[in-house]
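Going down the list, the sequences are from chains V and S.
The first sequence begins at 1 in full-length UniProt numbering and counts up one residue at a time.
The second sequence begins at 1 in full-length UniProt numbering and counts up one residue at a time.
Derived from the structure by calculation, the hints contain no laboratory data.
It is possible that part of the hints are untrue.
[Stated by the list, open to error] Covered stretches of chain S, going by a simulated chain V footprint (3 or more residues, C-beta under 8 angstroms):
| no. | region |
| --- | --- |
| 1 | 13-23 |
| 2 | 43-51 |
| 3 | 391-398 |
[Said to hold, decoys possible] Calculated from the model, a selection of chain S residues having no Cβ within reach of chain V, i.e. all distances over 12 angstroms:
| no. | residue |
| --- | --- |
| 4 | LEU59 |
| 5 | ASN145 |
| 6 | ARG443 |
Don't be surprised by glycine CBs; every beta carbon is placed ideally from N, CA and C.
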Amino acid sequence: MKDMSIISGAVHHDRIHDSAAKHVSGSADYTDDIAMPEGTLHAYLGVSQVAHARLLGLDLAAVRRAPGVVGVLTAADIPGINDISPTGLNDEPVFPTDKIQFHGQPLFAVVAETRDAARRAAALARVDCEALPCALDPVAARAAGYPYVTAPLKLARGDVAPALAAAPHRITARMRIGGQDHMYLEGHIAFAIPGEDDDVVVHCSTQHPSEAQHMVAHVLGVPSNAVTVNVRRMGGGFGGKESQMNLFCAVAAIAAKKWNRAVKIRPDRDQDMTATGKRHDFVVDYDIGFDEAGRIHAVDASFAARCGFSADLSGPVTDRALFHADNAYFYPNVRLESHPMKTNTVSNTAFRGFGGPQGVIVAERMIEEIAFATGQDPLDVRKANFYGQDGRDVTPYHQQVEDNILDRLVGELETGADYRARRKAIIADNANSPVLKRGIALTPVKFGISFTATWYNQAGALVHVYNDGSVHLNHGGTEMGQGLNTKVAQVVADAFQIDFERIKITRTTTEKVPNTSATAASSGSDLNGMAALNAVEQIKARLVAFAARKWEVEPDAVEFLPNEVRIGDVVLSFDAFIRQAYMARVQLSAAGFYKTPKIHWDRQKGCGRPFYYFAYGAACSEVTIDTLTGEYRVDRTDILHDVGRSLNPALDKGQVEGAFVQGMGWLTTEELWWDAEGRLRTHAPSTYKIPLASDRPRIFNVNLADWSENRELTIKRSKAVGEPPFMLGVSVFEALSMAVASVADYRVCPRLDAPATPERVLMAVSRLQAGT
Amino acid sequence: MTLRSEIRFVLNGRDVALADVGADRTLLDFLRLDRRLTGTKEGCAEGDCGACTVLVGRLTQGRLVHAPVNACIRFLASVDGCHVVTVEHLAGRDGQLHPVQQALVDHHGTQCGFCTPGFVMSLYALWMEVPEPSEAQVETALQGNLCRCTGYSPIIRAAIAISRYGSPAADPINRERDDITARLKALHDGCRVVTGPTDNQSILPADTDDLAECLVENPGATIVAGATDVGLWVTKLLRPIGPAIFTGHLDELKTVTVAGDTLTIGAGASYTECQDQLIRHFPHLAAYWDRIAGWQVRNMGTVGGNIANGSPIGDTPPVLIALGAEITLRRGAARRMLPLESFFIEYGKQDRAPGEFVEQIGIPLPRPGQRDAAYKISKRRDEDISSVAAGISVTVTNDRITACRIAFGGMAGTPKRAKAAEAALLSQPWSGAAFAAAAEALRQDFTPLSDWRASADYRMLAAGNLLRRFFLEHDAAETAPAQLARA
Ligand SMILES: Cc1cc2nc3c(=O)[nH]c(=O)nc-3n(C[C@@H](O)[C@@H](O)[C@H](O)COP(=O)(O)OP(=O)(O)OC[C@H]3O[C@@H](n4cnc5c(N)ncnc54)[C@H](O)[C@@H]3O)c2cc1C
Ligand code: FES
Ligand code: FES
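Work out the full structure, taking the sequences as your base and the hints as a guide.
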C-alpha cells in the first residue's frame, strides 16, 4: 500500500538510484553504447616510447598505408590552438611539436574505419627523437633543478623555529606516499558528431562538460556556442574524468570536423592508464616538536609532489594537501610548504580527496610518531591535539573551526567499536602469537568543503513543468554513480511535493545549463541541489501568486501537499492545478542559480575562509599481518560518518562504504610502479590491484551520525559525502603500522611508506626485528 | 573426415550460424559490435575486471552446464556448439527483473553501474549452482569481478538475499534447459570445423586424434585451449594467432582419472573441471586452487595451458613439480613422457617439438609420511599473479626427512626445483633448524629479479620464510597459526 501522506522519494529517505533497474538489465547506455551513425570512424592515439626527448620528426607513412586507415591527425591539423591545459597556463598541447615529455604521451591520432584498424595502425609510427635525461619523481626532480609546474603555496602561523627548538621532543623524518589510478570501470571515451557550420556535438564521459566544451571550441578555433557536450552517465569518474577527457573530446571533434563524419575515440585500458593522469604521489619531510603528554608544539613540513609534465590541476591539488595537513589537529606553530614538481611523467590530476588524503595521512603519521615515542595509545595523542576552544580552533590557513563535532563522534565510535578493550586484548594476544600479529587504529577525518577556486562554487539548473504536471529536470552536475541525479530529483520532488516518478532526469548538456563547474570536490548535491531548488522556488512563487489571485486567498493559504495543492478550502491534484496555471498563462519553466556564501581565500597571504563548512568522520580498523610474508587481512572496520542531515541515507552510506574501500586500496595494494625508463609497468588491472570483494573488512559496520546537522544553510542541512570518507581508509594503514610495531614492543614507529603492500609490511617487520 | 565451415551456437534464445570466423575474433566484439548486445561491457579486455562476463553453456556428458566466462578474451570460434547467455536474456519479456537483478537493485548494489552486468552474470551462475551461498562462496564467485564504486558490501548482501526473490527452478535457463540441450545436441555433428580467412584460420578438430592430425598438418599453428593467455596476445599485443587450433571443446582432453597410484589430468581440463578430483586426492591444494585467477578464468584456463605457456610465474608448475608430476607429450600417434621439471629448459624455451602437444599430466598419489604444502604470495590476495609460489613435499620417516621435493615459481626464469634447499633438508631430523638451514640454502638456488610485483630482496626473504611456515604448520609442537586463514 502506498502511503498517501508522503511523496515517494522524499528527502531524508532512502531512494534507489534512478538508473538501478537499467544498470542491472544492461540497458543503461554509456557513451560506447550509443548507436553510431552510418560511416562512423574511429580514432586511436599513437604514443611516445620515451620519457623525455627532443621530437625531431614523425614518420607516419606506414600508419597512413595501413588497412582501413582514413588519415592521421597531428599538431598541424589543429585548426585552433594546440592547447588543452585546464588552467590556461598553455602548458599542455593536444600533440607536442618539439618535445616529448613523458612515456606514453600522445603524439598523433590515426583515424580508421574500425577501432581495431586504427589501433593496429597507431603502432606503426616511426618517431625520430633525441633522448634527454629524465627525472621521474619529485626528489629526483628537485635534485635536477626542475621547475615547479605551478606556483607553490606556503601556509604559516605562529613562530615555528623557536617553538621547534624549545619543544621537549622533536622528530624529523620523511614519508613517501604513492599515487593512485582511478581505475573507473568505464575508461575514457568521446564520440563527436559533426553538424552544420561550425557545429559539433560531443558525447563523452566527462565530469566537466563545460570545460570540455570550451576546450573543443578552443582547439577548433570556434566560439563555445558551436559546441555541445552531452553526458548521460559515466561508468565512474573519481576525478579522473575532470580534466583528462579534454584530450579525447578534442581529438574526436577535430577528426569529426576534418572528415565530416562521426568519430569515436576509446583508448584501451593500457593507454587509458598510461596517457592520463592519476593521484599525485608525494614525498613529505616533516619536523615536529611535542611534549611528554603528546601535545604538538610545532610542525614544519614540506610537501613535494610528482605533478608530471604540466600543471593540470596540480596547483589546487597541492594546495589542498596543505589545507589538510592538519587533519583534525591544532598546530600552535606551523609552517607548511608545497613543492609542485615538474617530472617527466604523465600529468597528475584530480582524484577523490584532491590532495587532501595526502595531507591527512601525514598528520596521522606525525600522531603515530608521537605515540610510539611517548609510549601512548595513539588515540590519546589524537584527542590531546583535536581542535578545541580557547584559541585552539584556528587552522594553518587562519580559518576558524566552528563546527567541530569530533569529540562526540570519535567518542561514540570509540565506545561503539569497543576500541579500548580490543586494543588491550590485541596487545595481550600478540605476545602469544609468534607469526600473526594484530593491530587496531581509530582515525578521524575533518574535510573542508568548497572548491578552493572560489568562482567554481556556482551552479545552474533548469526545471520545466509540463502542462500535464510532469517535470523535466536538468542541472549542471554529472552522474558518475554517486546518485547525484537521484538526490537532486528528491530535492525537486520535495519542493513541489510530488512523487519522484513524476520527475524526468535527463542527460547533462551544455545546451541547457551553461558555464557549469566540474562535478567534483564533493560539491555535486550542495551546488546543484540548491540551484534546482532555486528554480523550483521561482516556479512555485509564480504558482502561488496565480492561485492567490485566482481563488482570492492570501498567498500563505496556498500549500503544496503530497501530490496536491491546497488553496484556501480548495484542494486540487498537482496535475490539475498545473493545468489551470498553464491555461492562465503562468510561466512553468525556470533557470535556477546558486553560489556558495561566506567563502573567500587570499592565496598570496595564505589566509581566508576557503571552506564553507567541514565534514567529519572516523573509522576504527583492526588487521592481522603475517610476519613471515607481510600478507594481511582487515578483520573489522567500524565507521561513524557525518553527512549532516542526509538527503538519502542509503546512497550516502554507499558513498561511505565505497570511499573507504577505495581509500584502503590506495594505502594497501594499489601500487604505481615506473621502471627506470619512465614506463608505467602497472597499467591495467592485471598489474594494478584495486580491492576485490574478499579484501573488504571481514566485519564492516557503517553508520551515519544521524544526529548531525549542517550548521550552515546547505541543501536540507546535508553535508557533502563524495570525498571525506575516502580518508577513513587511513585507519587500515595505521592499524597495519601498529601490527608491525608489535615486533619491537610498540616503541619504534615503523614508518611505513604508502602503499603498505605485503612487501613493505614484511620489510618493515624485518627492519624492526633487526633493530635498525 | 567431414569438414564444416560454419560456427554454430545458440545465443540467448536464437540459433546462430556464422561463416568466416577468424581465429582472433572475440566473443565480446561479436556481441557488442555485430549484435549490439551492449549490456556486456568492456572494462579491460584482459580477463581481469569481469565487466564482460557472460555465461557459456556446454554439454558435458550429455548435461548442459553453464559457466561464467570473460567474453573479452574468449574467442568466438570457441563457442561452437555452446549456449551463450548475456545479461539481456535475464529480465522477463514484460521487463520484470530477474531475482538476481532485483536483489541488486533493492540492496543498492549499483552505483555507476558499469560493472553491474558482469556482477549480475557471475551471481546468476552462482545462484544456479548454490542458491543459498555463504559469504565466502560469494567472494570466491566474485574474484573475477571488480567494482570501483560500491566497496562490494551491498553486492554481497544482495547475493545472499537472491533466493528470497525467486528460485532457480523458475529461472529462464532452467525452463529452457531441455529445449536448449536438444538444440545443442543437434549441433554436435562430429565434424572438423575450419573457418576464417587463410591467414587467420580457426580450426576445431573433431576429437583428440584429429587434433594430433591437425597439428601434424599445421605444426606452426597456435594451440588455443582456454585462451586465458592467448586471448591477451590478441587483445593486448595485437599478435596474429592464425591458424589457430582450438581444443576447448574436446571432451577426451578433459578427463580426470585415477589408475593405480597416479591421478591423471587431461591437458584440456579447466581449473574448475579438475578441481574436485584433484582436491579429493590432494587436499592441500584446496585453498591454493581458489587463488588461481578468478572464477571466470578458472572456467576457461587449463592446467595444460598453464604448463605449456612456460611461464616462470604460473601457479601450477611449482606444486606439480613438488608432487613429482610427469607430462605426456604427443605428436601424431607418438607419445613420450617427461618429468615436468625437465619440460622447462630456460626462460621462453620448453621441451616441445613442433606438432607436439601436451596430452595429459600424471601426478603420483601421496605416499605415507608425505607432508605437502602449496603456498602463493601475491600483492592482492585473490586474482593476482604470484610474486612467489611454492610447492613443498617432504616425507618424514621416524622423525627424519627421507625425501623432499621443493619447487618455486617467481624465483627464476622457469619454475624450478630448489636443489640446495632440498639437500639441506634431506636426511636431517625434522626440526626448525633444518628448515632454517634450507631457507639459507635458497640463496644458492635462486637469484630472483625485481619487478613491479616484488623486489628481489622480498622474494628471497619471503621464499625462505615459506619454508619456515611449512615447518611451523607441520610440526606437532607448534600450535599458533602460521598463516592467515580466510576467515
Ligand atoms: C585474469 C587472469 C588471471 C590469471 N591468474 C592466474 C593465476 O593466478 N595463476 C596462474 O598461474 N595463471 C593465471 N593466469 C594465467 C592462466 O589462466 C593461464 O596460464 C592458463 O592456465 C593457460 O591455460 P589456457 O587453457 O587458457 O591456455 P591458452 O591461453 O589457450 O594457451 C596458453 C599457451 O599454452 C599453449 N597450449 C595450450 N594448451 C596446450 C596443449 N595441450 N599442448 C601444448 N600447448 C598448449 C598455447 O598454445 C599457448 O602457448 C591468469 C590469466 C588471466 C587472464
Ligand atoms: S573486459 Fe575486463 S574482464 Fe573482460
Ligand atoms: S558500480 Fe561503478 S564499478 Fe561497480
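The hints, checked one at a time:
Check result for the region 13-23 of chain S against chain V: violated, 0 residues qualifying (beta carbon to beta carbon below 8 angstroms, three or more required). Check result for the region 43-51 of chain S against chain V: holds, 8 residues qualifying (beta carbon to beta carbon below 8 angstroms, three or more required). Here's how the region 391-398 of chain S fares: 0 of its residues keep a CB closer than 8 angstroms to some CB of chain V, so the rule of at least three is not met and the hint is violated. At roughly 26 angstroms, the least C-beta separation between LEU59(S) and chain V is larger than 12 angstroms, which holds for a residue marked as non-interface.
Taking the minimum C-beta to C-beta distance to chain V, about 7 angstroms, the non-interface status of ASN145(S) is violated against the 12 angstroms cut. With a minimum CB-CB distance of about 15 angstroms to chain V, ARG443(S) clears the 12 angstroms threshold, and the non-interface call stands.
Of the numbered hints given earlier, the model fails hints 1, 3 and 5; all others are met.
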